[in-house]
Amino acid sequence: MAGGGAGLTVGTGPAPSLKRGAVGEAGEGAPELAGGGDSSGEAVVLQLLLYGLLLSSMGEEEGLRQTQLLDTMFVRGLKRKCFDGEEDIEGTLAGIKAIPSYNLQRQSLLDMSLVKLQLCHMLVEPNLCRSVLIANTVRQIQEEMTQDGTWQMIHTQSTGQASLDRLVSTDILCRSSREQAEGKHVSGYSAFNKDFEGDQAQDSSETMSTASSVQAPRNLQSNVWEMENPQENKGNFQKSLDQIFETLENKSPNSVEDLFSEVDNSYYDLDTMLTGMMSNTKMGHCDGLETFSSPTATASNSNFKSDLNELDHIVEILVES
Amino acid sequence: MAGVAGGGGGGCSSSSSNDFQWCFSQVKGAIDEDVAEADIISTVEFNYSGDLLATGDKGGRVVIFQREQENKSRPHSRGEYNVYSTFQSHEPEFDYLKSLEIEEKINKIRWLPQQNAAHFLLSTNDKTIKLWKISERDKRAEGYNLKDEDGRLRDPFRITALRVPILKPMDLMVEASPRRIFANAHTYHINSISVNSDHETYLSADDLRINLWHLEITDRSFNIVDIKPANMEELTEVITAAEFHPHHCNVFVYSSSKGTIRLCDMRSSALCDRHSKFFEEPEDPSSRSFFSEIISSISDVKFSHSGRYMMTRDYLSVKVWDLNMENRPVETYQVHEYLRSKLCSLYENDCIFDKFECCWNGSDSAIMTGSYNNFFRMFDRNTRRDITLEASRESSKPRAILKPRKVCTGGKRKKDEISVDSLDFNKKILHTAWHPMENIIAVAATNNLYIFQDKIN
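These protein sequence lines map, in sequence, to chains P and W. The UniProt record's numbering puts the first residue of the first sequence at 1, with every later residue one more than the last. The UniProt record's numbering puts the first residue of the second sequence at 1, with every later residue one more than the last.
Honestly, the hints are just simulated from the structure, not real lab data. You may find that some hints are simply not true.
What the hints assert, rightly or not - Among the chain W residues that face chain P by a calculated CB cut under 10 Å, a handful are:
no.: 1; residue: Leu208
no.: 2; residue: Glu293
no.: 3; residue: Ile294
no.: 4; residue: Ser297
no.: 5; residue: Glu348
no.: 6; residue: Asp350
no.: 7; residue: Lys355
Just so it is clear, CB atoms sit at the ideal spot from N, CA and C, and this is done for glycine as well.
Taking the hints into account, I'd like the entire structure generated from these sequences.
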């Protein structure tokens, strides 16, 4: 991700400048983007990118203003935080906005960081230093927000079925390290990484045949929405999220994945945070696929299975006759 | 400013430090506005004598410039650097195991001290280090009587006379050949290589490990630092740069993304996980922000030529450390403090992750580092003066004196000042090099290499 255009017009960069107030605008664009039938993992992230571009292009000036505002708010907000709100509140509009918006700017930074982490997965090979620094920033914000108690508060603001799921995902996000220990993530995925980790520990960097054999079947999975256990899908966004990252992270199945497994859920969390539409769309996906997937396991395998069913049917007929 | 005591520069008496000025000398590279990604210079390095200047680019090529002998008839014009050799050092590779491309971008070039007529350098991309031999051929042996006139080999029994071949001059040919390839030792991206003062070994550092190599042995390296945690989820810090001490062959330092530097002594143990010295400046609590850690990440570490100091570059400043004092640097120079209020924007457009390098002059009296808008900064350690210069085509007239630049941080913008919001963050000077003995500097501005010299009074 190269630097943005000339000067500080960073709103035009690929990373959207995020503001929760922009939900309304962005929502209009989202369903068009997300309504496509293609449901591969890459498309999901691509949708997010496109969405981000759309957001930033629609709100370029807005984006610029937002970022500049964020800059000033950060400076002021910091002072406010450090000196317990005694600090300068100038008579300007920005100054007045700065008081309640420390949380807003912090949330924006968190959102931005999460997007950056996800975009990492798209690159040739993620720059580990950059990823670590962003992840540390995310952790720092999360810690602060957890201490503040604002973490749960923010995530109960949305309504409907989605809210419970979001609470689940945030809960998991907060306890993700414990979760890892319990092995709650998709077992195949973590087993794969353990293999990889084990091999790396032996320092045989380029000749890991075990890892390659595990990877090969995963590469064949093009459909991210493949549900191994269709009955668990209902409302289980965490699992589907992991599956997204199985496919995505095939591109970089090194130990960096472990680093970001704990933010996998937050990717989705961010997504729902951005717009209600986006989350609804995703739910729509899941709903649609639930009905779709009930007779067969996967879309990619469905053809195969339906062929088999047909074959069985034909054999049945032949046998009967 | 930036007078070099004892260097080859002219006009360096203390009273005339005002007279010291940098002039444009040369610029290499295409003038095109449209820059090909492969042409972006990714490393610049003078050799030990300063006669050779090597650059590496994103396309995996190495271009070596050689300084022409000074022309007696033009005593005021210093030797110019002209292309000496160009070769493709690294090719793009594909890691089939991970389904990832391995970039051919040259991350670092380090010269070996010259021991014979040939020149040797190490060049590295993310995964593989190569030792290149650059040799000249300007003579050719002729007069063999082993072949007939039509070129067929003669039957040895039919050769009755003994003839000694004669060496005849030919056009100079500079050949670059890879003599060693050091591969498959790094899981993560190599960020540094450093030749040891023993001239036999060198280190290579990636994000999590540092390996020690012998220049003659390619199938084996020793791992001397390993900061990879058992559980990668616990990873919070990576290695960002490493360098051997210029005189003590057992001492090296490595910097981290948390703004710390560790000095290790290889005599103490085989695996130098425990440092001998730990350099860290305590954080200023009043300037703490969410970006504090990111901007404290050290992008480059360089020992002074004397070996007594080392310099580190983080996002906003350059710090000089005395190796005998671990708790704080002895000098801190602000490179572009006006960016502190823009950190959020710079985080968004990823500029905050730019890795700037820094360098010492030959006498360790001045240091130089790059900034944005094709600006670069020099600090004189003695006079504490600093200057901002620009590498641009506008100031590219022969021997044109570079005008100091100034960034306006607020309030009224004076004439010739540039405001922070007008800075071009795509024009970043990450790589600079200073001639080991004279006041000649090489500044890489995207795809162009600028060479500046001091003005001879």
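Comparing the hints with the structure gives:
1. Because the smallest distance between the Cβ of Leu208 (chain W) and any Cβ of chain P comes to about 8 Å, under 10 Å, the interface hint for this residue holds.
2. With 10 Å as the threshold, the beta carbon of Glu293 (chain W) comes within range of chain P, its nearest partner Cβ sitting at about 6 Å, so the hint holds.
3. With its C-beta approaching chain P no nearer than about 5 Å, Ile294 (chain W) sits inside the 10 Å limit, and its interface hint holds.
4. About 6 Å separates the beta-carbon of Ser297 (chain W) from the nearest beta-carbon of chain P, less than 10 Å, and the hint is met.
5. Evaluation of the Glu348 (chain W) hint against chain P yields a held restraint, the C-beta minimum of about 5 Å falling below 10 Å.
6. For the restraint placing Asp350 (chain W) at the interface with chain P, the shortest Cβ-Cβ distance is roughly 4 Å, inside the 10 Å limit, so the hint holds.
7. The criterion of a C-beta within 10 Å of any C-beta in chain P is met by Lys355 (chain W), whose closest approach is roughly 8 Å, and the hint holds.
This entry satisfies every hint, going by the numbered hints stated previously.
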